[in-house]
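Produce the entire structure from the sequences given, and follow the hints as far as they go.
Here the protein sequences come in this chain order: A and B.
For the first sequence, this note's numbering gives the first residue as 1, with consecutive numbering after it.
For the second sequence, this note's numbering gives the first residue as 455, with consecutive numbering after it.
Quick caveat, the hints were computed from the structure, so don't treat them as lab data.
These figures come from a predicted structure and were not determined experimentally.
Be aware that a few hints might be false.
[Claimed, not checked] Here are the computed lysine to aspartate or glutamate pairs in the EDC-like style, where the Cα-Cα straight-line distance is at most 16 Å:
(1) B:516 with A:409
(2) B:851 with B:870
(3) A:318 with A:251
(4) B:465 with A:113
(5) A:342 with A:361
(6) B:851 with A:270
(7) B:670 with A:413
(8) A:415 with B:468
(9) B:713 with B:625
(10) A:94 with B:468
(11) A:146 with A:183
(12) A:8 with B:544
(13) B:465 with A:171
(14) B:516 with A:413
(15) A:308 with A:270
(16) A:342 with A:274
(17) B:837 with B:857
(18) B:814 with B:842
(19) B:587 with B:468
(20) B:768 with B:818
(21) A:383 with B:672
(22) A:380 with B:672
(23) B:670 with A:361
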Amino acid sequence: MPDIQILKERERQIHQKGSGNFAMACEQKSLAGAVSQRACVFCGSRVVLYPIADALHLVHGPVGCAAYTWDIRGSLSSGPQLHRLSFSTDLQEKDVIFGAEPKLYMALTELIDAYQPKAAFVYATCIVGLIGDDVEAVCKRVALEKGIPVLAVHSEGFKGTKKDGYQAACDAIGRLVGTRSTENISPFSINILGDFNLAGEIWMIKKYYAEMGIQVVATITGDGRVDDICRAHGAKLNVVQCSGSMTKLAEHMKEKYGIPYIKVSYFGLEDMADALYKVAQHFPDKNIQTRAEDIVRREVKEILPELKRYRTALTGKKAAIYVGGAFKAFSLVRALRLLGIKTVLAGSQTGNPKDYKQLKDLCDEGTIIIDDANPLELSKFVKEKDVDLLIGGVKERPIAYKLGLGFCDHNHERKEALAGFVGMKNFAQEVYSSIMSPVWKFAPRRGGEYVSRA
Amino acid sequence: MLLRHTPKEVKEREALTINPAKTCQPIGAMYAALGIHNCLPHSHGSQGCCAYHRSMLTRHYKEPVMATTSSFTEGSAVFGGQANLLAAVENIFALYKPDVIAVHTTCLSETIGDDVTQIVSKASEEGKVPAGKYIIHANTPSYIGSHVTGFGSMVKGMVKYFAKSTGAKKDQINIIPGWVEPSDMREIKRLVKEMNVQSIMFPDTSEIMDRPQTGKFDMYGTGGTTVDELRSTGDSKATLAMGHGASVPAGELLDAQCKVKLYELDVPIGLGATDRFIQTLGEVMNVAIPESIERERGRLVDILTDNEQYFYNKRVALFGDPDQLIPMCEFLVDIGMRPVYIVTGTPGKYFDERMAEVLKSIPEAKFRQGAQADMFLMHQWIKNEAVDLLIGNTWGKYIARDENIPLIRFGFPIMDRIGHSYFPNVGYMGAIRIVEKLMNAILDKRDREAPEEKFELTF
Numbered sequence: 001m002p003d004i005q006i007l008k009e010r011e012r013q014i015h016q017k018g019s020g021n022f023a024m025a026c027e028q029k030s031l032a033g034a035v036s037q038r039a040c041v042f043c044g045s046r047v048v049l050y051p052i053a054d055a056l057h058l059v060h061g062p063v064g065c066a067a068y069t070w071d072i073r074g075s076l077s078s079g080p081q082l083h084r085l086s087f088s089t090d091l092q093e094k095d096v097i098f099g100a101e102p103k104l105y106m107a108l109t110e111l112i113d114a115y116q117p118k119a120a121f122v123y124a125t126c127i128v129g130l131i132g133d134d135v136e137a138v139c140k141r142v143a144l145e146k147g148i149p150v151l152a153v154h155s156e157g158f159k160g161t162k163k164d165g166y167q168a169a170c171d172a173i174g175r176l177v178g179t180r181s182t183e184n185i186s187p188f189s190i191n192i193l194g195d196f197n198l199a200g201e202i203w204m205i206k207k208y209y210a211e212m213g214i215q216v217v218a219t220i221t222g223d224g225r226v227d228d229i230c231r232a233h234g235a236k237l238n239v240v241q242c243s244g245s246m247t248k249l250a251e252h253m254k255e256k257y258g259i260p261y262i263k264v265s266y267f268g269l270e271d272m273a274d275a276l277y278k279v280a281q282h283f284p285d286k287n288i289q290t291r292a293e294d295i296v297r298r299e300v301k302e303i304l305p306e307l308k309r310y311r312t313a314l315t316g317k318k319a320a321i322y323v324g325g326a327f328k329a330f331s332l333v334r335a336l337r338l339l340g341i342k343t344v345l346a347g348s349q350t351g352n353p354k355d356y357k358q359l360k361d362l363c364d365e366g367t368i369i370i371d372d373a374n375p376l377e378l379s380k381f382v383k384e385k386d387v388d389l390l391i392g393g394v395k396e397r398p399i400a401y402k403l404g405l406g407f408c409d410h411n412h413e414r415k416e417a418l419a420g421f422v423g424m425k426n427f428a429q430e431v432y433s434s435i436m437s438p439v440w441k442f443a444p445r446r447g448g449e450y451v452s453r454a
Numbered sequence: 455m456l457l458r459h460t461p462k463e464v465k466e467r468e469a470l471t472i473n474p475a476k477t478c479q480p481i482g483a484m485y486a487a488l489g490i491h492n493c494l495p496h497s498h499g500s501q502g503c504c505a506y507h508r509s510m511l512t513r514h515y516k517e518p519v520m521a522t523t524s525s526f527t528e529g530s531a532v533f534g535g536q537a538n539l540l541a542a543v544e545n546i547f548a549l550y551k552p553d554v555i556a557v558h559t560t561c562l563s564e565t566i567g568d569d570v571t572q573i574v575s576k577a578s579e580e581g582k583v584p585a586g587k588y589i590i591h592a593n594t595p596s597y598i599g600s601h602v603t604g605f606g607s608m609v610k611g612m613v614k615y616f617a618k619s620t621g622a623k624k625d626q627i628n629i630i631p632g633w634v635e636p637s638d639m640r641e642i643k644r645l646v647k648e649m650n651v652q653s654i655m656f657p658d659t660s661e662i663m664d665r666p667q668t669g670k671f672d673m674y675g676t677g678g679t680t681v682d683e684l685r686s687t688g689d690s691k692a693t694l695a696m697g698h699g700a701s702v703p704a705g706e707l708l709d710a711q712c713k714v715k716l717y718e719l720d721v722p723i724g725l726g727a728t729d730r731f732i733q734t735l736g737e738v739m740n741v742a743i744p745e746s747i748e749r750e751r752g753r754l755v756d757i758l759t760d761n762e763q764y765f766y767n768k769r770v771a772l773f774g775d776p777d778q779l780i781p782m783c784e785f786l787v788d789i790g791m792r793p794v795y796i797v798t799g800t801p802g803k804y805f806d807e808r809m810a811e812v813l814k815s816i817p818e819a820k821f822r823q824g825a826q827a828d829m830f831l832m833h834q835w836i837k838n839e840a841v842d843l844l845i846g847n848t849w850g851k852y853i854a855r856d857e858n859i860p861l862i863r864f865g866f867p868i869m870d871r872i873g874h875s876y877f878p879n880v881g882y883m884g885a886i887r888i889v890e891k892l893m894n895a896i897l898d899k900r901d902r903e904a905p906e907e908k909f910e911l912t913f
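Okay, structure coming up:
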């Protein structure tokens, strides 16, 4: 196979630590014609909002946008399951020609009558932006008639990147916040922002906070409920994970309601403990701090022996990380380090210059830092660095397997909770079982070809 | 109950699709294009479309799916996507070196009125297409048809751009297999070879969407119909087009463009459809059916007669695509089952006509196509009168779980099981596999649920 070229325009989006000046180009649209792993504005809005389980999520557009996002993320709900259905206005040619406002109005009212949801989100897709439907006006009218919040989410796919979709989602949530009474909210209270309850992770995190004596007012958006979000402005602190998607909302709430926010990660022992301590520090009650320390001590003690066993086996292995948000990459680098695994490539779809600076500082000399990677680049570096494990999402999985690499899904398709202390154990187990699987010995990369071809 | 929000009472909906039994055209065009040798599908629209199609195809095939996008911005939406597509063409040939770029449109580029034919010729004029390399295209606005028609349009595009008649007919036949799995395409090729017939199959995703572990990442795989083969389809004796939605449009164009006689067939799922395929092939190419194929058929018939008791009068609900549902229902009726509820989101009267004929012995059968013919409606029907089996894609698992009905995964997408890429549903062997699956589903449930006093070793 000939050497893989890197397009000239892409050179500034790739950096090897220790090789000259660091000036990462990022936050750019993908090059036309690139096999980009990125998605669109709608995708950003949809993944952020859809875990709100008692709201209606209506995708206004042709059927595809609804079909491709139908319950793909595995966000779990402890109550209503309305978010698991796929609602679409299924636009046809005549709607595109004559406008689809009447259809949207009809679909919305049909749905609200049938399901009596607490709120409705209407996602505007590419085409809606073009045919000039006044989605906002339809939403207003239906909100008045039905007496629930009906929020237009301006998520036309071409209007930016996934990040702009996060922004549109935050705008919509921001319009719910502050609309209900904040009675009975404890002075020791937080909102959890940016956890989507994949594999039930938010339930674990909530348990830790409850044990510390902290009330969680709203979970935004994992296992989310409209009423909780409406009174989220009563919380004393916003605790933000997945900074890419939710920082805008935290900033909005800081500005409007004076609620401070901190950024945390629930992934990996260090980051998880750090999250609990940071939250505890925010409240002037020593008991909270003590209880946080108790939790950390207890949980770490519980899993440390097992982690040590994994570490012994995994020390010296090499990993590549390619994830959506850069913040996740930080935690992964640290968690892998705890397991004795070196990160030799770290990249994201949506990182900003600050993120990449921090990522570079965190990584070892020689690590490749990459923005908006394409499969050819990924496979080139994975081979050059002799990687044992790739951590990524749906589209990266088969690439890893084809190269004969272990793989861990740290995105929508995770099957085990990876957050929290238990999550670290699950992560270690998953990484261990993938890297150590006996099947790799059959992979040509590890010498598993026919010994002789007579 | 995950679908506790689905009420039993059926109300006519006017504007709303819930849990669609279809998706949009571009993904079909992308899958079809993957069946051309060294071809890179290109999505002319926003980045999201391409990412979604790749994700879904990846989930179904567990293979890397390579495709590029024009990465539309607000600027392109206002000024048109020509600049993006021209830049893309240049970048793609420079970086990924495909033989063919297969462009499909999206709702976005269609609505702003991009003329891809004109952009493609402009790319050639400006020297952006290297010698021996090609760009083809299909119009696949997402607000018309479904993924099936999108597939059909891209296959038609292959004919339009490549098929040439030299005037000298070749002793070969064109096979358009429709939207089937790589395993099905292999099986059809095997049967054709067994019949001693030379053929060109297009598209052909075997050795592309079912690649071996090589330790290397390679963009294209070794399979796919080559440009030379596509060209020579114009000189073939005849075309067997399998499936009205995915294959017939290309077959009709071949007939019009190169005078290659078209034979419309069903996708050869089940006994009857496979019989018609083998017989037509034999007649058109003037070859006798070899004993080996007769014996294959005999094995299928033997299995059907051995086990007829398990199928008789079992009620089945199906959802998916017309091209697959029509022969599948025919097969179920042939073995004594009762397909009672069938929905497809893919619009078209053809489905109604064929279903009416296939299901004439099942007066209670309800079937529907188009926008509101979705899985929500089918679930409501099931709630009103239960079925013994459910046949459809992975999204059927919610209904299967809530209603305790065994689900046989069949169609697209299958995101939570493997096998479809490797074991065919078509031909006599494929029918044997379908029968095995039907029986396993029915008997596994019985083994699990039979009260102790009725539990038997042999059933």
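Hints, verified against the model:
1. B:516 with A:409: Holds: residue 516 of chain B and residue 409 of chain A sit about 14 Å apart, inside 16 Å.
2. B:851 with B:870: holds, 10 Å
3. A:318 with A:251: violated, 37 Å
4. B:465 with A:113: holds, 12 Å
5. A:342 with A:361: Roughly 14 Å separates the two Cα atoms, so the pair holds.
6. B:851 with A:270: Roughly 39 Å separates the two Cα atoms, so the pair is violated.
7. B:670 with A:413: Roughly 24 Å between the alpha carbons, so the hint for residue 670 of chain B and residue 413 of chain A is violated.
8. A:415 with B:468: violated, 38 Å
9. B:713 with B:625: holds, 15 Å
10. A:94 with B:468: Holds - the C-alpha atoms of residue 468 of chain B and residue 94 of chain A are around 14 Å apart, at most 16 Å.
11. A:146 with A:183: violated, 26 Å
12. A:8 with B:544: Within the cut-off at roughly 13 Å; holds.
13. B:465 with A:171: At roughly 35 Å apart (the allowed maximum being 16 Å), residue 171 of chain A and residue 465 of chain B break the hint.
14. B:516 with A:413: holds, 13 Å
15. A:308 with A:270: holds, 15 Å
16. A:342 with A:274: violated, 22 Å
17. B:837 with B:857: The hint holds at about 8 Å.
18. B:814 with B:842: At roughly 20 Å apart (the allowed maximum being 16 Å), residue 842 of chain B and residue 814 of chain B break the hint.
19. B:587 with B:468: Roughly 47 Å between the alpha carbons, so the hint for residue 587 of chain B and residue 468 of chain B is violated.
20. B:768 with B:818: holds, 13 Å
21. A:383 with B:672: holds, 13 Å
22. A:380 with B:672: holds, 11 Å
23. B:670 with A:361: violated, 32 Å
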